[in-house]
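Peer 1: Spelled out from the first residue to the last, the chains are:
There are 2 protein chains.
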Amino acid sequence: MNHHVENALNEIKRGISEIIDEERVVSLVKNYFEKGERFLVKVGFDPTAPDLHLGHTVLLQKMALLQKFGATIQFLIGDFTGMIGDPTGKNETRKKLTREVVLANAQTYKEQVFKILDPEKTNVMFNSKWIEALGSAGLVELTTTFNVARMLEREDFEKRYKSQAPISISEFLYPLLQGYDSVAMKCDIEMGGTDQKFNLLMGRHLQRAYNIGKEQAVIMMPLLEGLDGVNKMSKSLGNYIGVTDEPSDMFGKMLSISDTLMWRYYELLSTKTLEEIAQLKAGVLDGSVHPKHAKEALAQEIVTRYHGRDAAQAALESFNRVHAQHEIPEDIETFTCNESPIWIAKALVDCGLETSTSQARRDIKQGAIKLDQVRVEDEQLQLASGEYVVQVGKRKFVKLKVQ
Amino acid sequence: MNHHVENALNEIKRGISEIIDEERVVSLVKNYFEKGERFLVKVGFDPTAPDLHLGHTVLLQKMALLQKFGATIQFLIGDFTGMIGDPTGKNETRKKLTREVVLANAQTYKEQVFKILDPEKTNVMFNSKWIEALGSAGLVELTTTFNVARMLEREDFEKRYKSQAPISISEFLYPLLQGYDSVAMKCDIEMGGTDQKFNLLMGRHLQRAYNIGKEQAVIMMPLLEGLDGVNKMSKSLGNYIGVTDEPSDMFGKMLSISDTLMWRYYELLSTKTLEEIAQLKAGVLDGSVHPKHAKEALAQEIVTRYHGRDAAQAALESFNRVHAQHEIPEDIETFTCNESPIWIAKALVDCGLETSTSQARRDIKQGAIKLDQVRVEDEQLQLASGEYVVQVGKRKFVKLKVQ
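Chains as they are written, first to last, in the numbering used here: chain F, -8 to 394; chain A, -8 to 394.
Among the hints, a few may not be true.
In this list, chains with the same sequence are indistinguishable; a pair is considered to hold if it fits within one copy or across any two.
[Unchecked claim] When the alpha-carbon atoms are kept at most 20 Å apart in a straight line, the in silico SDA-like pairs for lysine to any residue are as follows:
(1) 283 to 362
(2) 153 to 184
(3) 387 to 322
(4) 150 to 140
(5) 385 to 313
(6) 283 to 219
(7) 150 to 138
(8) 153 to 140
(9) 120 to 132
(10) 263 to 283
Hints were generated in silico from the structure; no laboratory data involved.
Please put together the full structure from these sequences, using the hints given.
Peer 2: Now the structure itself:
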């Protein structure tokens, strides 16, 4: 395979959860590189929550990437389906939106997504156009293509049916209408979250049922973890960074995440290549890059994307000014451990910051231990060779050399 | 209650299976008698089988009766819903009809029903009119009014779901659309077969959901037994009398039914009043009317309805000519039983036609015993006081006097 194509495919597959019909994706990208023919990638947004957060942008970033490799993005605003509401993962039937609210939300979406997508390679579409044209007869026709038992196999429907929570019949129409969008839009690939798998496959099913001569491939993206690193990012959980958040809020929230989550965010949110990220990671590992600087770089990339370079620089400076008092004193003692890797609790006792490993573990549990200014959450943490600043409470610091 | 109203209600309730909201029916009829205000009665016909048989006319007869008591019949031809097909009681999804076939069938229906209904008090309606006007959005709106679990409670759906026979999602739309007809037609009463109960109640549900200010009462008619007296009359079972059958076929089939079934047909198909039927029955019981003559009278009433008086008279004469050789010889012996009631097998032995009651029972099983020219099916039959012609095989006759 051509080197460009291979590179492109590696970037496309970066961080994704699942591809269905990968062969088709390969041939579309190849075709673009060889003949310059573009292909159609559908992404549907349900205009119920117009304020995007970084969780949503995982998909948008991937779309922006695909635009570089031949995709014309069909950015579908489900103005018709939004009036039904798909209750995936919710225990209650969603409240219906009025058409006015749907359209206002759609406008907000457009303003936000063009910070990521190339507008020249994006068609914004509204599904009311073809769904209204279906009319009663067309809609009934559509419902003949799928059966009740298979619909009830969709995980959330199955769960609600079994627990006797009501499922409105209108909710059965949602996956069908969303699938019909793929028929009307003649798309080659559809993208969505892993929670949308059933609906995404419906598009393939209906393209076949309506015999349009193609069947879409499906690329599924994971749901981004929120700032807590555990739950998916969501507004209701409060663990989110909104794309319209103020630069300083965005920056501060980004600096608050754990190192592990930072690499996850690099993978899913950064436009750095995989190679660049690997270099950065190596730098942090060999001590040539401080983890905090890697985090600052990511924070600046994100703030720059939504607010510009100047705002990002200002956010960095302001953050450092505000947090200066929490910085590490210059004159702290250095302690050398001759064991590597070493259990953090043992290292804390060895260097004299803690009196016992059980006390050390209690302090870790209570969030009183920091390693390079990041709270330690794992009591079993093993420290590899390198230099660390360990901190107990607000004032006790030691520089640890593990060798 | 006024005597006229009471009479009317008795006739309305004659032979029906169930009324829902009887109070409303009473007040509609009272209102007609008192103020001359007419009310709207909906009956839906699914135009898949345009050749009506007497089973269908049970409903039509009741509608004709209601027309006398204030009903304007809204004869709904489900040209839209006919394209979906409601598979009630079938194990397979019905084949969809094209609009052309539906309309041709509807025309045939109209030709047939006006032999029973008063066209002056009948509006023929097509549901495509208001269902097409619903459009995609209206249809989706309609599906929000009902939930999946309750739909799956419908007996046939439940059975198919449990046995993993496919139910197309379009089939869920059928009861909703049929119910919406009641909304659009603003009807006061809906009539249907007992097998339609779920759908009939949906009309009430949707009139409430759409807040049209009335909720229809429901009158359900039983499914008429076919010529065999056991299964419901149906074309596929071959046990039917079609309303377009030739006069002689109609007459002959009617004469072939059992006496028990004859009274059932009187109740459900005749326009004789309950009083007239009671008199006739008394006549047969006291021996002043021969059962065969009661049957001939019913056959003539039915043939007259569909082919006119002359054709009915000709059918009677032709039937008697053809069947003359099977008539009872004039010179048969008379035997008197002094036990009443008497078990038929015992009577057969007593009068010398059979050698033992067990032989008599075997002959009944094989259909070799006739009582007044009607085959005896019940081995346990008890003969009440009266005169009977009993016949074993083709040639052995005795006139039995049970006293």
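Peer 1: Determine for every hint whether it applies to the structure shown.
Peer 2: How the hints compare with the structure:
no.	hint	result
1	283 to 362	within (11 Å within a copy, 106 Å between copies)
2	153 to 184	neither (25 Å within a copy, 32 Å between copies)
3	387 to 322	within (12 Å within a copy, 131 Å between copies)
4	150 to 140	both (13 Å within a copy, 12 Å between copies)
5	385 to 313	within (16 Å within a copy, 116 Å between copies)
6	283 to 219	within (17 Å within a copy, 90 Å between copies)
7	150 to 138	both (18 Å within a copy, 15 Å between copies)
8	153 to 140	both (13 Å within a copy, 10 Å between copies)
9	120 to 132	both (18 Å within a copy, 17 Å between copies)
10	263 to 283	within (17 Å within a copy, 98 Å between copies)
Checked against the numbered hints above, the structure breaks only hint 2 and satisfies the rest.
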